[in-house]
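Protein sequence lines, in the order shown, are assigned to chains A and B. Residue numbers for the first sequence follow my numbering, so the first one is 0 and each next one is one higher. Residue numbers for the second sequence follow my numbering, so the first one is 0 and each next one is one higher.
Worth flagging that the hints you see were computed from the coordinates, not collected in a lab. What you were told as hints is all true, and nothing was included just to trick you.
One copy or two, either will do: identical chains are not told apart, so a pair holds if it fits within one copy or between any two.
In silico DSSO-like pairs for lysine-lysine, Cα to Cα no more than 27 angstroms straight-line:
#1 LYS36 x LYS309
#2 LYS264 x LYS4
#3 LYS290 x LYS56
2 protein chains.
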Amino acid sequence: MHINKNYQNIEETYLFSEVAERVRKYMEQDPGASLIKMGIGDVTRPICKSAVEALIKATEEMGTAEGFHGYGPEQGYEFLRDAIADYYQREDGIKLFSDEIFVSDGAKSDIGNILDIFDKDNVVAVTDPVYPVYVDTNVMAGREVIKLSATADNGFLPMPYPGLEADIIYLCSPNNPTGAAYDRARLQKWVDYANQHGSVILFDAAYESFVTDPDVPRTIYEIEGARSCAIEFCSFSKTAGFTGLRCGYTIVPGGLVRDGIQLRKMWLRRQSTKFNGVAYPIQRAAAACLKEQGYAELTENIHYYKENAKVIADTFTELKWPYTGGKNSPYIWVKCPKSMKSWAFFDELLSKANVICTPGSGFGACGEGYVRFTSFNTHENTVEAMRRIKDIFGDK
Amino acid sequence: MHINKNYQNIEETYLFSEVAERVRKYMEQDPGASLIKMGIGDVTRPICKSAVEALIKATEEMGTAEGFHGYGPEQGYEFLRDAIADYYQREDGIKLFSDEIFVSDGAKSDIGNILDIFDKDNVVAVTDPVYPVYVDTNVMAGREVIKLSATADNGFLPMPYPGLEADIIYLCSPNNPTGAAYDRARLQKWVDYANQHGSVILFDAAYESFVTDPDVPRTIYEIEGARSCAIEFCSFSKTAGFTGLRCGYTIVPGGLVRDGIQLRKMWLRRQSTKFNGVAYPIQRAAAACLKEQGYAELTENIHYYKENAKVIADTFTELKWPYTGGKNSPYIWVKCPKSMKSWAFFDELLSKANVICTPGSGFGACGEGYVRFTSFNTHENTVEAMRRIKDIFGDK
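Just chain A, same shape as in the assembly (with noise of 0.2 angstroms):
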């Protein structure tokens, strides 16, 4: 009996633990401090009525003989991936067909598991910064990962490369940690590597919902060619306020063929193994997000959140602070003033302003020197925020 030993190879990331354990010092100095966290990336809004009213009436039919649901479709429930299919057609005019859908409990469960249906020997390629689970899985698997610099030269947008040679590629746009979005003829770039290398591109569309500029897709189906190179992960979490009900879906194209196998194909294989589908209930609060009535009301809430984007954004362009995100993302990824390292930046904002932001070296080397801040909080607390930051930061 041997463990698998690649466990052993993954980094600990201390980012957030490290972030609760200065804070909790601060604070024992400083007991009355009004803190505002502006750290981490979980929504604050209640889930909308329309999914409240959903649940609890899947709910009641559960707790009757008629109404009981007991296993569901592995891949989801037809009501959901039908309107699922209908979101893409109504907000992208893009076709997709009810087997390319795969409903799951979020995003980040499908984007770790789906490195099953890959061989161990593939060549990983992501971002620097970044989201660490595109990182920590392959790690896991024993997979080579390259890293691409996501720098201020490159708009934080890194592109394919002369002599890059890249298997299973991740792109997350709009990003995070960075809050950079691919516009169109990026993307189509990338489609294009990825065709002619026979390469996969994994799309984490999480924040989808909240591009603005008509030049982002919101998916990667709106590139021609994508079909055949990339699969989709999205979410309800950042859309509709899911992060404490789980829900999300995975798309993988009919087109999609590697070694003569699709890989839709491969990934029923898998979740028909090793899943047993979301929660009826929650389902069905997914799908009514979805309808005409809860689609209004979501978009409520990231129109607030990406207000709150704005306040902050503004407040960067007056201090003249280099950053990117804000307008398609709900993350601020800005430049710490005075060369400042990410890390000393925090412990300034943190004692002097009392608000909370996270360092952005934790998100990779590249990182160094910037700082993530959300939009996820209270208008009252982001405008405050950016009030104090104003106050110590600004010309006086």
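Chain A is already provided as a structure; the job is to place chain B on it using the hints.
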């Protein structure tokens, strides 16, 4: 780019699709037939009142700013882990620590995903007949699988034998599909084997709440030494009718160490990286099921199914058909009369009695000549099905 070629070695299971196809064909010939389904292992009784109420209350919380819950702990909320620890203490006198309990979206997911933490080169032992997930998940990972015959000769309870070299051993007790259950003495031998060989037992206890016999342990941790060799998988699916709500839990004891590493820590790392916890309202519903009122309600449901199991078992006793299960299990595994093969008897039962069972050969070579009946039906249907079987196959 290459796919995981091990997927090509998975045997396609046509069992339930073939059952459905034969039923469809039969119904074409005899559209008026009143079929009774005793094949599929899904519960039929609605979820209990306490669970419905807890789920609705938690959903209402999610719709308010104050009660909203975002990302929860990947390992499950403390309130549910405490309720599970209390359940083990109360029902079995077993003390579990909170950090040994991992809440998940179901035993099937965990049974598949746990393999992530083990080396590919471990040898896996499963029983034959077997719940196909144990085999398929290992074939996907490229592991060697050896089969331990479960036959009338060993009471359908395979035991370790001299020369057996297995690193990972799956034991399901009470068993799916046979309904046989290990008593303490037999289970002790497996625990001793695992401790001597450094193996790990993956103990599937999904049917523990059906145990009646005081000699049959509901949890492997009743056995001395189990805390250093066994992981236990449990589920609210069969206990509380949660097949459509998705909640289970896995116990990884702190004392289970391999290659110098606590497996508990590896599983926590796996779950933190590839999983985001179970929906807050579902966890509230699960916790309600373990409290006094909820537990009384679900015990009533279990009792209902067990009465059905008794009706089925009594029928086979009367007919003098050898069978196992039905006492500590919702399943009855019966030898086909007249030495018929599984599918032949399935067809005869379908056409003559309009009763649907599951052919045992679909669970493995040793299942040939047997069929599985389940007690997940109404009492009336169960009685009627047995009346038909006695009419047709009994002495006249």
